[in-house]
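Please model the entire structure based on the sequences and the hints provided.
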Amino acid sequence: MATELLEKALESVGGLAEFKRKRDQFRRDLAFIDQNSDNLLKYYNKNWIAVYNERVVAHGKHYKKVLSQLERHDLPVEQIPIRFLSAHKVPALYPKR
Amino acid sequence: MKRIKGDLSDFGILLTPAPRVQVLCYIPRLNFSAEVDFMIDTGASGTCLNGGHALGLQRYMRKETLYYSSGIGGQCGYYKETALLIFTDTTGQPLDYELELGIQCIRWFLWRRPSLLTLRTPCLLGHDVLSEWELRYNHQKEDITLIAP
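Read top to bottom, the protein sequences are chains X and B.
Convert by adding 602 to the 1-based position in the first sequence; the result is the number in our numbering.
Convert by adding 13 to the 1-based position in the second sequence; the result is the number in our numbering.
None of these hints come from the bench; they were simulated from the model.
Values in this document were obtained by computation on a predicted structure and should not be read as measured data.
The beta-carbon is built from N, C-alpha and C at its ideal position, and this holds for glycine as well.
Possibly wrong hints are sitting among the right ones.
[Unchecked claim] To give a feel for the contact side, a few chain B residues facing chain X, derived at Cβ under 8 Å:
| id | residue |
| --- | --- |
| 1 | 35 |
| 2 | 41 |
| 3 | 105 |
| 4 | 123 |
[As the list claims (entries may be wrong)] In silico EDC-like links for lysine to aspartate or glutamate, alpha-carbon gap of 20 Å or less:
| id | chain 1 | residue 1 | chain 2 | residue 2 |
| --- | --- | --- | --- | --- |
| 5 | X | 610 | B | 113 |
| 6 | X | 644 | B | 23 |
| 7 | B | 93 | B | 113 |
| 8 | X | 644 | X | 656 |
| 9 | B | 18 | X | 636 |
Encoded structure:
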């Protein structure tokens, strides 16, 4: 049985059916990035990209510019994966800032 | 028992792909929700939003909830917020988990131009969740399964 908080959370995204639809879309967009990373790197190395409906809808050197592009086009920022792509891969441990 | 499937991702930057799981993150105080892909990190004591996900929330954070966490990368501040994580189990049904979520503190003077290192840090699903659940991880077969009691 759904808790009250879960119901509120689902309501915030438009209900259970909409949650499932958005979840599927987000998963497809994440998969698009992972499955096409070699190709995407040719064009967007050292750039941020935002993918929506399996298309790159915004890109740029600066994260905030990508966000601005999404907002300008009235796209749902909270449901769009935004990823920094780099051909230079790093270990998972992060160096001291 | 409910099962949640994860996968592997290099998060755009990692040398070795890491396990990840997709979650809807809901913060009731702000009525905020966002889809997030969390790196599954058994070395992280707490689950946290980092990078771009944290940046947009900075102006809503409360100073009195700020705490500091130490790790290999050094010390980092986090704001604490009650949140609900909503996973999807293998039957397609939502599975929720309520927790105290850490939200990376990004200093105000960096809001306009945060560093690349700050922004690209993945969100982490830590062992506050993982210790309650079972995690099955076979990297070679790309089999990542979380099992909720």
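Numbers of unmet hints, in rising order | 4
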